[in-house]
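Heads up: the protein sequence lines correspond to chains A and B, in order.
Letter by letter, the first sequence follows residues 115 to 453 of the numbering used here.
Letter by letter, the second sequence follows residues 105 to 424 of the numbering used here.
Calculated directly from the structure, the hints in this document are not laboratory data.
There's no promise every hint is true.
Non-contacting residues of chain A with respect to chain B, defined by C-beta distances greater than 10 Å in every case (computed) [stated by the list, open to error]:
1) LEU169
2) THR177
3) SER180
4) PHE184
5) GLN229
6) LYS265
7) ASP285
8) ASP287
9) HIS375
10) CYS401
11) VAL417
12) TYR421
13) GLU426
14) GLU434
15) GLU438
If you only want the chain A side, here are some residues facing chain B, beta carbon under 10 Å, derived [stated by the list, open to error]:
16) MET121
17) MET125
18) ILE264
19) LEU338
The beta-carbon is built from N, C-alpha and C at its ideal position, and this holds for glycine as well.
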Amino acid sequence: MAEPAAMETEMTCREAMRAALRESIIDDDRVVLMGEDVGAYGGCFAVSSGLFDELGSERIIDTPLSELGFVGAGIGAALGGMRPIVEIMTGNFSLLALDQIVNTAATLRHMSGGQLGVPIVIRLATGGGRQLAAQHSHSFDGWFGHIPGIKVWSPGVAEDFRWMLSAALADPDPVLIFEHVGLYGRSGPVGARSDAGDPERAVIRRPGRDLSLITFGGTLPMVLDAATELFGDGVDAEVVDLRCLRPLDTSTMVESVRRTHRAVIIDEGWRSGGISAEVSARLAEHCFYDLDAPIGRVCSREVPMPYPAHLEAAALPSVERIVEAARAAMDATVVVETW
Amino acid sequence: MTTRMELLRTMLFMRRFEERCVPLYQQQAIRGFLHLSVGQEAVAAGVGSLLGPDDSVVGTYREHIHALAKGVPADAIMAEMFGRISGCSGGRGGSMHLFSADHRFYGGNAIVAGGLPLAVGLGLADTHFGRSGVCACFFGEGAMAEGAFHESMNLAALWKSPVLFACENNLYAMGTSLERSAASTDLAMRAGSHAMPALSVDGMDVEAVIEATQRALVHLRAGQGPVFVEYRTYRFRPHSMYDPELYRTKQEVERWRERDPLTMLGDRLRASGELDDEMWSAMLAEVDDEIEVAVERAEAGGIEPVDDLARYVLAEVDHG
């Protein structure tokens with residue numbers, strides 16, 4: 115057995131995921147990590163750094179550039195009794211494996227009448243903010259959240275980076291974990307596994323009375339910053355971290371909005387047809403009469419992500435835009451974005 | 105070792121089973137897409153006769169006879185095509201999505217080449233756990249145009265995954281002939297470039313199928329990695345029940361019918377005195393009776409309650 119983590123240590127999200135990977139692979143001989151450059155290179159974002167030397171090439175498996183092939187092989191390995199963790203270098207590359215994820219992993223259990231489950235974990239680096247332009251920066255978590263038969267989790271704090279993996283491996287169904295690249299270097303407290311709770315339940319990261327800021331993953335830190343700024347202006351915002359986009363924890367967000375009567379959803383994905391639209395629809399379905407203001411949304415501009423820093427910053431959600439949307443909600447108006 | 109008479113009976117069962125599906129489709133007892141293998145029986149029967157319970161099979165959407173070859177009961181396959189709860193997928197998959205975990209039969213995949221990566225992973229798991237099984241992965245020559253084919257061949261060779269890449273080359277990807285879709289029609293040469301043994305064999309001759317597959321299995325079971333075998337075969341019937349067959353001539357089909365795998369083996373058995381008309385008639389009657397029982401049981405089968413529609417999207421277990 116790997117040694118248990120010490121109580122309440124501070125670590126980066128990268129270190130937290132590395133510790134989770136190491137522990138999972140040491141503790142369970144069914145578990146392997148496979149993906150592009152996860153081994154000898156140490157991981158594109160250095161998440162698996164050092165594991166190849168320690169655990170060997172049979173447990174940390176470098177794959178060729180064959181997303182469709184190795185995701186499908188991971189599914190087959192899961193059918194054969196393994197618990198593969200498949201890393202896809204960026205969310206954009208997951209589109210090369212979409213067929214295997216959507217047509218196979220998501221369908222097999224239902225299509226086979228309950229006979230065949232696919233206990234695979236697929237980890238994807240996601241998100242913008244690093245000037246990596248239009249083929250390395252997009253957020254497809256909401257897209258995958260559309261698909262029945264898979265689960266979509268998105269850690270926003272170090273504690274979730276540390277503990278979501280073991281929960282995903284214990285799950286008998288396919289779990290996709292979207293890890294925002296902007297979070298890897300951020301630190302946070304990590305306690306015992308039991309402190310992290312059920313990854314499919316949303317968590318109130320900051321309680322507040324005046325409005326609910328609903329987000330997940332990479333935008334969580336800036337939403338917390340926005341809440342701090344708003345508090346200075348006398349607005350007490352509650353921050354809801356969804357953590358899981360499928361299944362979506364409707365009750366936590368609805369209960370929050372019933373208390374605050376105002377909601378702004380912050381999602382780095384595009385707005386049209388995105389997860390923010392789904393959250394908005396659920397709030398309208400469940401607590402329409404509790405609302406004192408139109409539901410606001412802060413999403414990425416509907417453009418392919420541009421390279422230059424000033425354009426990328428303009429395309430992504432920001433503290434400024436979140437504060438503006440929150441103030442509009444307090445005024446019972448809405449920031450109407452025409453794009 | 106399967107006898108030649110047993111092989112003949114297996115192929116006859118496959119043939120009559122699928123021919124029985126035609127009127128059932130016309131009567132709308134079977135719906136959706138229906139792809140028959142009539143003419144291609146020697147491949148599934150031959151390969152299947154060499155597989156054991158520890159081996160796995162991955163098929164395509166033309167997979168009824170592969171499921172039969174792996175031991176999935178005819179009743180359960182027919183019931184599946186009828187959409188009944190007694191079907192091998194509980195009625196949820198239909199003709200294109202037969203599954204049986206107990207028989208290690210992993211589909212039933214209607215995405216061309218979609219099963220190949222799975223086969224690599226199934227082989228990887230067998231190796232990882234030190235199990236002796238191999239995976240027989242069936243696909244058509246059309247699948248060789250997909251990226252998944254090349255990705256899977258490379259991964260399997262790289263990882264020495266014990267996969268029999270069983271290519272059923274029936275010359276047509278739906279209605280597009282091999283020569284109109286592949287710049288290089290030498291399939292074994294293309295497969296061989298992935299650093300694995302690759303051979304071509306007459307897929308209409310079940311004894312040739314067995315001989316070549318045995319050679320492949322020796323390599324596979326010795327842990328030496330995957331093997332590709334091209335089985336040159338032909339489907340006598342249209343691609344599916346919707347196909348008007350505008351892309352090939354009746355004469356071409358008739359020429360291939362002269363090499364019917366049942367006739368070829370039957371003639372040899374008659375020449376050696378193992379088979380006569382009376383035995384053939386008795387075998388036919390027995391096979392048809394069995395199939396009729398499967399049809400009757402399928403018709404009598406219940407349907408899944410609508411209340412169960414959302415079951416098995418995810419597992420129904422408490423996993424804490």
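Cross-check of the supplied hints:
Its beta-carbon lying about 14 Å from the closest one in chain B, A/LEU169 satisfies the requirement of being farther than 10 Å from that chain. A beta-carbon of chain B is positioned within 10 Å of the beta-carbon of A/THR177; the least distance is around 7 Å. Not every beta carbon of chain B lies more than 10 Å from that of A/SER180, the smallest distance being close to 4 Å; the non-interface claim is violated. Taking the minimum C-beta to C-beta distance to chain B, about 6 Å, the non-interface status of A/PHE184 is violated against the 10 Å cut.
Non-interface status of A/GLN229 relative to chain B is broken: a Cβ of that chain comes within 10 Å, the nearest being about 4 Å off. With a closest Cβ-Cβ approach of about 8 Å to chain B, A/LYS265 is found to fall inside the 10 Å limit, against its non-interface label. Separation of A/ASP285 from chain B is inadequate, the least Cβ-Cβ distance of about 6 Å not exceeding the 10 Å criterion. Not every CB of chain B is more than 10 Å from the CB of A/ASP287 (nearest about 5 Å), against its label as outside the interface.
Under the 10 Å C-beta cut-off, the non-interface status given to A/HIS375 relative to chain B holds; the minimum distance is some 33 Å. Non-interface status of A/CYS401 relative to chain B is upheld: no Cβ of that chain comes within 10 Å, the nearest being about 25 Å off. A cut-off of 10 Å between C-beta atoms confirms that A/VAL417 is not in contact with chain B; the least separation is 29 Å. Every beta carbon of chain B lies more than 10 Å from that of A/TYR421, the smallest distance being close to 28 Å; the non-interface claim holds.
With a minimum CB-CB distance of about 31 Å to chain B, A/GLU426 clears the 10 Å threshold, and the non-interface call stands. The beta carbon of A/GLU434 sits about 40 Å from the closest Cβ of chain B, which is more than 10 Å, so the claim that it is off the interface holds. The non-interface label for A/GLU438 is consistent with chain B: the shortest C-beta to C-beta separation is roughly 39 Å, beyond 10 Å. Hint status for A/MET121 relative to chain B: violated, with the closest Cβ pair at about 21 Å, above 10 Å.
Here the hint on A/MET125 is broken, as its CB sits about 25 Å from the closest CB of chain B, past 10 Å. With its C-beta approaching chain B no nearer than about 9 Å, A/ILE264 sits inside the 10 Å limit, and its interface hint holds. Checking A/LEU338 against chain B: minimum C-beta separation of about 30 Å lies over 10 Å; hint violated.
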